[in-house]
Amino acid sequence: MTDVLIAVALVFVVAASTGAVLCREPVRQAVVLSALGLGLALLFTLLQAPDVALSQLAVGTALTPLLILLTTRKLRRSTEEAGEDTAPGSAEDTGTPDGGTGSGG
Amino acid sequence: MTARLRVWLFTVAAAVVGGFFVAACRRLPPFGTARHPYGARAVTAALAHRTANVVSSVNFDLRAFDTLGEESILFGAVLGTALLLRPARDESLSRARTERVLPTTRLFGVLLLPLALVVGVYIVAHGQLSPGGGFQGGVVLATALHLAYIAADYRVLEKVRPSAAFDVADGISAASFTVMGLAGLVSGGAFLQNFLPLGTFNQLVSGGLVPLLNAAVGFEVASGVIVLVAHFLDQALEVHPSAQAPQPEEHPT
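Each protein sequence line maps, in turn, to chains A and B.
If you count by my numbering, then the first sequence holds residues 3 to 107, one letter each, in order.
If you count by my numbering, then the second sequence holds residues 1155 to 1407, one letter each, in order.
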């Protein structure tokens, strides 16, 4: 019974880690990493290593994906802010024809 | 270095490493056996020092020096991150906004925060008795505090975890591990050798130095992870590029 469970967990870990490598989008990658951490924690528990399973659960499933998500949020927001900085400029550019139609109407 | 030379170098190195790897694996004990030569010796040594959790005995007694190294790696990593993520000269700080939270989310956080903290303390405190220990419990403690951010907002989290206090706590707990090791040296033994009474097997105070080293790692990991996540959160929520700073790459657009 345990052997079957170990085999299932191993196959899941291999599938999840391959998925994490093939996934190119960081946010999705973080979610896949989280699932991989869960699978590894299960595998460690089945192999009677609960200490390592707890570490894996805390770091692999919670902490690493959190740090990746925070980093992507920061990067996304800084590009958005850069976009906002240029947006008023572009709004002014489009504002002149608007003003033109306003004065014309 | 040309591409061909690199591939050639890799092939030779991979063949050598692969050869030694296969040779080493052939002499490993078989997978999943009930008895393991190292396991049997570690269990005997742990029982001799009355430590119920053999893994903790390995981490904080038999191989405490390795744990000192690991703890220092975490400390160094947190220090490096803090250094890299400090607000740069062309960045400004603004306070995070107060945010509205769904009542159900708030309830979830308010109920789970104390529960998670108790679980964290339990895992740290029982490290010498049951699965878990300073590292695992420390990460649970650190992540538990961040439920305040989910249940309320960043301003509340900043009140719950004063960053400066945890900076100091991280340093002190990292140093206390080494100090306890030196105490072993002073008391006539070796570095990190146990000098405390061993206590009664399977009691909270048992295993001599193990619970103390375990607690030091618990404090160090908890404050280290809190400081680490705090710098990431600061960057994500409070640090902005200054408006006055020149941004040359925007002029062409």
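What the hints contain is simulated information worked out from the structure, not anything from laboratory work.
Incorrect hints may have been included.
[As the list claims (entries may be wrong)] Just the calculated beta-carbon pair ranges, DEER-fashion:
#1 A/50 with B/1350: 40 to 48 Å
#2 B/1339 with A/3: 13 to 21 Å
#3 B/1155 with A/5: 41 to 49 Å
#4 A/5 with B/1322: 47 to 55 Å
#5 B/1167 with A/23: 46 to 54 Å
#6 A/19 with B/1272: 30 to 38 Å
#7 A/50 with B/1179: 18 to 26 Å
[What the hints assert, rightly or not] In silico contact screen, one side only, chain B against chain A (beta carbon under 7 Å); selected entries:
#8 1171
#9 1185
#10 1206
#11 1283
#12 1285
#13 1290
#14 1293
#15 1297
#16 1385
#17 1386
#18 1390
Note that beta-carbon positions come from the ideal geometry of N, C-alpha and C, so glycine has one too.
Quick rundown of the hints versus the structure:
For the pair residue 50 of chain A and residue 1350 of chain B, the supplied restraint of 40 to 48 Å is violated, since their beta-carbon distance comes to about 30 Å. For the pair residue 1339 of chain B and residue 3 of chain A, the supplied restraint of 13 to 21 Å is violated, since their beta-carbon distance comes to about 50 Å. Here the CB-CB span from residue 1155 of chain B to residue 5 of chain A is close to 47 Å, well matched to the stated 41 to 49 Å. Remark: the range hint 47 to 55 Å for residue 5 of chain A to residue 1322 of chain B is upheld by a beta-carbon distance near 50 Å.
A hinted range of 46 to 54 Å is violated for the C-beta pair residue 1167 of chain B and residue 23 of chain A, which are about 22 Å apart. The hinted window of 30 to 38 Å between residue 19 of chain A and residue 1272 of chain B holds, with their beta carbons roughly 34 Å apart. A hinted range of 18 to 26 Å for the beta carbons of residue 50 of chain A and residue 1179 of chain B is consistent with their spacing of about 21 Å. A least Cβ separation of about 21 Å between residue 1171 of chain B and chain A goes past the 7 Å threshold, and the interface hint is therefore violated.
Hint status for residue 1185 of chain B: violated, given a least beta-carbon distance of 9 Å to chain A, over 7 Å. This hint is violated: residue 1206 of chain B has a C-beta 13 Å from the nearest C-beta of chain A, more than the 7 Å allowed. The interface hint given for residue 1283 of chain B is broken, as the beta carbon of that residue sits about 12 Å from the closest beta carbon of chain A, more than 7 Å. A least Cβ separation of about 4 Å between residue 1285 of chain B and chain A falls short of the 7 Å threshold, and the interface hint therefore holds.
Interface hint status for residue 1290 of chain B: upheld, as the beta-carbon distance to the closest one in chain A is roughly 4 Å, under 7 Å. For residue 1293 of chain B, the interface hint holds, the least distance from its beta-carbon to any beta-carbon of chain A being 4 Å, beneath 7 Å. Taken as an interface hint, residue 1297 of chain B checks out: its beta carbon lies about 5 Å from the nearest beta carbon of chain A, inside 7 Å. Annotation: interface hint on residue 1385 of chain B violated; nearest CB of chain A at approximately 10 Å, more than 7 Å.
The beta carbon of residue 1386 of chain B comes within 4 Å of a beta carbon in chain A, closer than 7 Å, and the hint placing it at the interface holds. A hinted interface residue such as residue 1390 of chain B counts as satisfied when its beta carbon comes closer than 7 Å to some beta carbon of chain A; here the least separation is about 4 Å, so the hint holds.
When each numbered hint is compared with the structure, violations occur for hints 1, 2, 5, 8, 9, 10, 11 and 16.
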